[in-house]
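J.: Put chain B on the given structure of chain A with help from the hints.
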Amino acid sequence: DAGVIQSPRHEVTEMGQEVTLRCKPISGHNSLFWYRQTMMRGLELLIYFNNNVPIDDSGMPEDRFSAKMPNASFSTLKIQPSEPRDSAVYFCASSVTGYGYTFGSGTRLTVV
Amino acid sequence: QKEVEQNSGPLSVPEGAIASLNCTYSDRVSQSFFWYRQYSGKSPELIMSIYSNGDKEDGRFTAQLNKASQYVSLLIRDSQPSDSATYLCAVLNSGYSTLTFGKGTMLLVSP
Numbered sequence: 002d003a004g005v006i007q008s009p010r011h012e013v014t015e016m017g018q019e020v021t022l023r024c025k026p027i028s029g030h031n032s033l034f035w036y037r038q039t040m041m042r043g044l045e046l047l048i049y050f051n052n053n054v055p056i057d058d059s060g061m062p063e064d065r066f067s068a069k070m071p072n073a074s075f076s077t078l079k080i081q082p083s084e085p086r087d088s089a090v091y092f093c094a095s096s097v098t099g100y101g102y103t104f105g106s107g108t109r110l111t112v113v
Numbered sequence: 410q411k412e413v414e415q416n417s418g419p420l421s422v423p424e425g426a427i428a429s430l431n432c433t434y435s436d437r438v439s440q441s442f443f444w445y446r447q448y449s450g451k452s453p454e455l456i457m458s459i460y461s462n463g464d465k466e467d468g469r470f471t472a473q474l475n476k477a478s479q480y481v482s483l484l485i486r487d488s489q490p491s492d493s494a495t496y497l498c499a500v501l502n503s504g505y506s507t508l509t510f511g512k513g514t515m516l517l518v519s520p
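Just so you know, the sequences run in chain order A and B.
With this note's numbering applied, the first sequence closes on residue 113, and no number is skipped along the way.
With this note's numbering applied, the second sequence closes on residue 520, and no number is skipped along the way.
In short, the hints are calculated from the structure, not lab data.
It should be emphasised that the depicted structure is a prediction, and the values quoted were computed from it without experimental measurement.
From the three backbone atoms N, C-alpha and C, an ideal C-beta is built for every residue, glycine too.
Any given hint could be a false lead.
To be verified - Chain A regions said to be covered by chain B (calculated; three or more residues, Cβ under 8 Å):
(1) 48-59
(2) 88-99
(3) 103-111
So that you can see chain A by itself, here it is in the shape it has in the complex (with noise of 0.2 Å):
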């Protein structure tokens, strides 16, 4: 099992760029969820999915931010325009609906 595969490990963008970031949840998993890490506000969840389906998305920051998860395997998270506070450590993670999850490695965003 490869677990939750992210990439790209880090980004470094200019303010007003477009990034997106990727995200390979665990097969069998059917739930899959993307946070933002911060050290002043913890681990943030930002979207999530059940069998591809966005089921709450109201931790999305702004209309900046968009998600999409266009089959079982695959999950993008864009962010458009960047903006320097947008800086953070992305995380995705998958479980089966209810249980414990499985975090990728994340990405590490620095938008300067």
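T.: Chain B only, in chain A's frame:
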């Protein structure tokens, strides 16, 4: 707003001692609770889950749950320097299958 509260620490213990990490939560109907360990620069790793009142033991780790007091704890016996990490408490939200995380307690185990 559902909340999970943890002391940020750091909690410093000598090698071989028992480390006690605590967590309180606001959602009275929550039924599932998890402890994650996060090393610096790494992703959170699930180490314990607990669903019923009482104690659950797994090796050197014991999770304790008291739903009436809305309190969860993690005991680490015979603490090792390799246990030095941030420990995150997580609560499964009623109605959804999402976890709310505390901000974590940093544990430092000195040789």
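J.: For every hint, state whether the structure bears it out.
T.: Comparing the hints with the structure gives:
no.	hint	verdict
1	48-59	holds (count 4)
2	88-99	holds (count 4)
3	103-111	holds (count 5)
When the structure is compared with the earlier hints, no violation turns up for any of them.
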